[in-house]
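Asker: Spelled out from the first residue to the last, the chains are:
Number of protein chains: 2
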Amino acid sequence: MAQLSLSRRLRRTPFTEGVLAAGVTGYTVYNHMLLPTVFRSVEEDYHHLKSAVQVWDVSCQRQVEVRGPDAGRLVQMLTPRDLRGMLPGQCYYMPIVDETGGMLNDPVVVKLTEDRWWISIADSDLLYWVKGIAYGYRLDVLVDEPDVSPLAVQGPRADDLMAEVFGDSVRDLRFFRFGLFGFGGRQLVVARSGYSKQGGYEIYLEGGDLGMPLWSALIEAGRALDVRAGGPNLIERIESGLLSYGNDMTDDNTPHECGLGRFCNTATAIGCIGRDALLRVAKEGPVQQIRPLAMSGAPVPAVEEFWPVMAGHRKVGRVSSAAFSPDFGVNVSIAMIRMTHWDAGATLTVMTPDGPREAVVKEKFWN
Amino acid sequence: MAQLSLSRRLRRTPFTEGVLAAGVTGYTVYNHMLLPTVFRSVEEDYHHLKSAVQVWDVSCQRQVEVRGPDAGRLVQMLTPRDLRGMLPGQCYYMPIVDETGGMLNDPVVVKLTEDRWWISIADSDLLYWVKGIAYGYRLDVLVDEPDVSPLAVQGPRADDLMAEVFGDSVRDLRFFRFGLFGFGGRQLVVARSGYSKQGGYEIYLEGGDLGMPLWSALIEAGRALDVRAGGPNLIERIESGLLSYGNDMTDDNTPHECGLGRFCNTATAIGCIGRDALLRVAKEGPVQQIRPLAMSGAPVPAVEEFWPVMAGHRKVGRVSSAAFSPDFGVNVSIAMIRMTHWDAGATLTVMTPDGPREAVVKEKFWN
Numbered sequence: 001m002a003q004l005s006l007s008r009r010l011r012r013t014p015f016t017e018g019v020l021a022a023g024v025t026g027y028t029v030y031n032h033m034l035l036p037t038v039f040r041s042v043e044e045d046y047h048h049l050k051s052a053v054q055v056w057d058v059s060c061q062r063q064v065e066v067r068g069p070d071a072g073r074l075v076q077m078l079t080p081r082d083l084r085g086m087l088p089g090q091c092y093y094m095p096i097v098d099e100t101g102g103m104l105n106d107p108v109v110v111k112l113t114e115d116r117w118w119i120s121i122a123d124s125d126l127l128y129w130v131k132g133i134a135y136g137y138r139l140d141v142l143v144d145e146p147d148v149s150p151l152a153v154q155g156p157r158a159d160d161l162m163a164e165v166f167g168d169s170v171r172d173l174r175f176f177r178f179g180l181f182g183f184g185g186r187q188l189v190v191a192r193s194g195y196s197k198q199g200g201y202e203i204y205l206e207g208g209d210l211g212m213p214l215w216s217a218l219i220e221a222g223r224a225l226d227v228r229a230g231g232p233n234l235i236e237r238i239e240s241g242l243l244s245y246g247n248d249m250t251d252d253n254t255p256h257e258c259g260l261g262r263f264c265n266t267a268t269a270i271g272c273i274g275r276d277a278l279l280r281v282a283k284e285g286p287v288q289q290i291r292p293l294a295m296s297g298a299p300v301p302a303v304e305e306f307w308p309v310m311a312g313h314r315k316v317g318r319v320s321s322a323a324f325s326p327d328f329g330v331n332v333s334i335a336m337i338r339m340t341h342w343d344a345g346a347t348l349t350v351m352t353p354d355g356p357r358e359a360v361v362k363e364k365f366w367n
Numbered sequence: 001m002a003q004l005s006l007s008r009r010l011r012r013t014p015f016t017e018g019v020l021a022a023g024v025t026g027y028t029v030y031n032h033m034l035l036p037t038v039f040r041s042v043e044e045d046y047h048h049l050k051s052a053v054q055v056w057d058v059s060c061q062r063q064v065e066v067r068g069p070d071a072g073r074l075v076q077m078l079t080p081r082d083l084r085g086m087l088p089g090q091c092y093y094m095p096i097v098d099e100t101g102g103m104l105n106d107p108v109v110v111k112l113t114e115d116r117w118w119i120s121i122a123d124s125d126l127l128y129w130v131k132g133i134a135y136g137y138r139l140d141v142l143v144d145e146p147d148v149s150p151l152a153v154q155g156p157r158a159d160d161l162m163a164e165v166f167g168d169s170v171r172d173l174r175f176f177r178f179g180l181f182g183f184g185g186r187q188l189v190v191a192r193s194g195y196s197k198q199g200g201y202e203i204y205l206e207g208g209d210l211g212m213p214l215w216s217a218l219i220e221a222g223r224a225l226d227v228r229a230g231g232p233n234l235i236e237r238i239e240s241g242l243l244s245y246g247n248d249m250t251d252d253n254t255p256h257e258c259g260l261g262r263f264c265n266t267a268t269a270i271g272c273i274g275r276d277a278l279l280r281v282a283k284e285g286p287v288q289q290i291r292p293l294a295m296s297g298a299p300v301p302a303v304e305e306f307w308p309v310m311a312g313h314r315k316v317g318r319v320s321s322a323a324f325s326p327d328f329g330v331n332v333s334i335a336m337i338r339m340t341h342w343d344a345g346a347t348l349t350v351m352t353p354d355g356p357r358e359a360v361v362k363e364k365f366w367n
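Residue numbers (full-length UniProt numbering), protein chains in the order written: chain V, 1 to 367; chain F, 1 to 367.
Think of the hints as simulated: they come from the structure by calculation, not from any bench.
Among the clues, some could well be false.
Said to hold, decoys possible - Facing chain V, a subset of chain F residues (Cβ under 10 Å, in silico):
#1 L6
#2 L104
#3 Y128
#4 G136
#5 V148
#6 L234
#7 Y245
#8 N247
#9 S296
#10 V300
#11 V303
#12 S320
#13 S321
Beta carbons: idealized from backbone N, C-alpha and C, even for Gly.
Full structure from sequences and hints, please.
Answerer: Here it is as structure tokens:
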């Protein structure tokens with residue numbers, strides 16, 4: 001671990017006061033903002049996330065708001081996912097690609113109305129791409145970053161906690177749908193979504209002033225449910241196969257390489273900027289793809305640079321995220337593997353900073 | 001200070017091994033990359049920077065490379081600075097603005113040839129804006145992030161150190177000019193520039209493989225000059241009035257508000273996207289502007305959020321960067337102040353987290 005020098009450039013959030021009071025011990029920086037990553041320890045936070053409920057300050061999932069008559073057209077230009085069937089009230093996970101088919105971001109997109117959308121972004125300034133395209137095409141839209149800070153409630157007891165604060169009707173929300181729920185005299189967008197596979201919600205807080213009241217209301221209401229402050233958990237997200245933009249994929253990668261082909265309707269996504277570039281890979285498939293990889297031996301260190309994956313003396317891939325899983329008793333990891341060696345059961349060698357490790361390609365992720 | 005959770009997403013650099021060996025104690029994150037900020041202490045590093053010579057890993061100053069027949073046209077679209085007189089071999093500091101005149105970045109731009117430019121960026125993904133504009137306008141250019149990692153040599157003894165490694169001819173480089181200098185069998189772009197006012201150079205290393213040889217050569221050659229590893233120093237940069245994008249200015253601000261009007265030729269920068277929006281402010285001047293502000297009393301803490309600047313009960317500005325200056329015996333700071341109170345000598349009150357402080361607007365920055 002290293003010390004982080006704080007400055008205004010690494011933005012605080014409407015919940016930072018609560019995060020500090022809860023004893024945060026580790027941050028990362030995400031979209032020029034502080035993202036709490038650790039409270040007690042990665043392992044303790046992991047066990048708790050999988051058994052109780054946590055409140056996560058994910059304000060760093062900044063929104064790119066697209067508003068105006070051309071909003072729908074613009075959002076379709078960004079993604080190979082076919083949006084014609086998407087209704088207001090729905091959230092879609094969308095690969096965003098450039099003209100070469102390279103991934104620029106992998107947000108969840110919230111369709112508020114036909115002409116108003118929020119793109120809830122991963123760690124890159126997607127605002128700049130969307131503004132550039134809107135300007136270059138002279139589209140009739142407004143594009144900006146509104147004052148919206150998501151707060152996630154994740155874990156098996158998330159429904160019970162949310163019902164305490166927002167009423168029982170919140171339980172009826174379907175996966176990747178949102179509704180409007182009252183808090184502090186305001187209507188908030190609340191979606192059933194989140195960056196874990198333990199179940200839960202994301203609350204899109206508009207206006208920072210309600211930040212601490214909302215944080216405190218959730219912490220208070222959750223006492224009997226053993227609520228704690230938490231954050232996206234490295235171990236749980238790898239077990240769950242949840243990719244991280246900048247870690248597991250970059251603009252070098254197509255969605256198909258990332259195993260996101262199911263979110264691409266390349267044949268019918270008319271208007272998508274990267275469509276031409278993706279037609280061939282959509283038909284023939286990629287030559288390398290994301291795979292779950294289990295590594296034997298003692299807990300591995302954090303991945304700070306890609307670890308080469310070898311088949312004998314031949315490099316056939318790289319590990320981008322890895323952690324020891326207490327629940328599965330093995331080092332779980334996310335790797336990009338060439339098609340010659342990506343079948344489940346393939347045995348490979350990962351060159352970690354601590355030396356080579358035996359590894360095996362798994363059929364599917366753990367959660 | 002907080003702990004930083006390391007991951008592949010916060011990229012290491014070709015010099016990270018040297019930085020670690022030199023005993024780095026603090027990082028920030030800049031363009032998704034580690035930027036070393038502290039070695040011994042901010043104060044010790046400051047005194048040393050002003051008296052000797054330091055080697056800085058500023059790889060995080062990523063390049064946006066623009067190549068092709070439309071390269072010059074595209075770069076002019078990005079900035080209100082008139083580029084018609086710029087020659088290959090020159091570096092220009094350039095405000096980059098969007099269609100509303102808001103600052104998107106404030107890079108140094110290196111004109112390698114008529115059709116090849118490097119934009120050496122501050123902390124925002126300017127690549128996305130440049131790619132979006134190039135695509136929207138169907139320009140005949142290639143835009144990408146090349147494998148180029150700047151290394152800065154800063155301090156009063158920088159000339160002597162550079163001459164040891166690159167030969168005496170490096171001393172003849174004029175300010176904001178670059179030349180090609182041999183190292184390890186390759187020709188490197190070396191410019192007289194850098195993010196301090198202590199004098200020095202920036203070496204644009206192409207290809208990471210030469211990173212540690214270059215780092216080690218500078219450290220070895222500098223033994224007699226008391227060379228140390230360093231980084232952009234908070235105290236020195238405030239004394240020098242060097243702005244930091246994301247701290248002192250954002251896309252809310254025009255270049256004129258940031259005191260960068262002298263880098264804008266709004267009347268003649270034909271093709272600049274933000275030109276129309278800036279014409280009025282260029283003529284009439286802004287209603288608020290960056291000012292040096294001296295605060296009395298004990299050393300202030302780090303600025304993590306804007307500190308309001310008050311004239312009585314009226315808010316007339318905000319402080320975005322501040323530190324205690326040992327050399328000037330006062331808290332130096334960078335503030336945005338409304339025109340009613342921006343004259344030198346104006347006495348104001350800054351609301352710091354430790355309570356209100358008396359402050360006075362200075363005529364100019366300290367270095």
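Asker: Confirm or reject each hint.
Answerer: Evaluation of the provided hints:
Because the closest C-beta pair between F/L6 and chain V is about 5 Å apart, less than 10 Å, the hint holds. Look at F/L104: its Cβ gets to within about 7 Å of chain V, closer than 10 Å, so that hint holds up. For the restraint placing F/Y128 at the interface with chain V, the shortest Cβ-Cβ distance is roughly 4 Å, inside the 10 Å limit, so the hint holds. The criterion of a C-beta within 10 Å of any C-beta in chain V is met by F/G136, whose closest approach is roughly 1 Å, and the hint holds.
The interface hint given for F/V148 is broken, as the beta carbon of that residue sits about 17 Å from the closest beta carbon of chain V, more than 10 Å. Evaluation of the F/L234 hint against chain V yields a held restraint, the C-beta minimum of about 8 Å falling below 10 Å. Because the beta carbon of F/Y245 sits about 8 Å from the nearest beta carbon in chain V, less than 10 Å, this interface hint is met. Restraint check, F/N247 versus chain V: the minimum CB separation of about 5 Å is within 10 Å; hint holds.
A distance limit of 10 Å between C-beta atoms decides the matter here; for F/S296 the minimum to chain V is near 22 Å, and the interface restraint is violated. With a least beta-carbon distance of about 13 Å to chain V, the hint placing F/V300 at the interface is violated under the 10 Å criterion. The closest approach between the C-beta of F/V303 and any C-beta of chain V is roughly 5 Å, which is under the 10 Å cut-off, so the hint is satisfied. With 10 Å as the threshold, the beta carbon of F/S320 comes within range of chain V, its nearest partner Cβ sitting at about 6 Å, so the hint holds.
Satisfaction of the interface hint for F/S321 is found here, the shortest Cβ-Cβ separation to chain V being roughly 7 Å, below the 10 Å cut-off.
The structure shown violates the earlier hints numbered 5, 9, 10.
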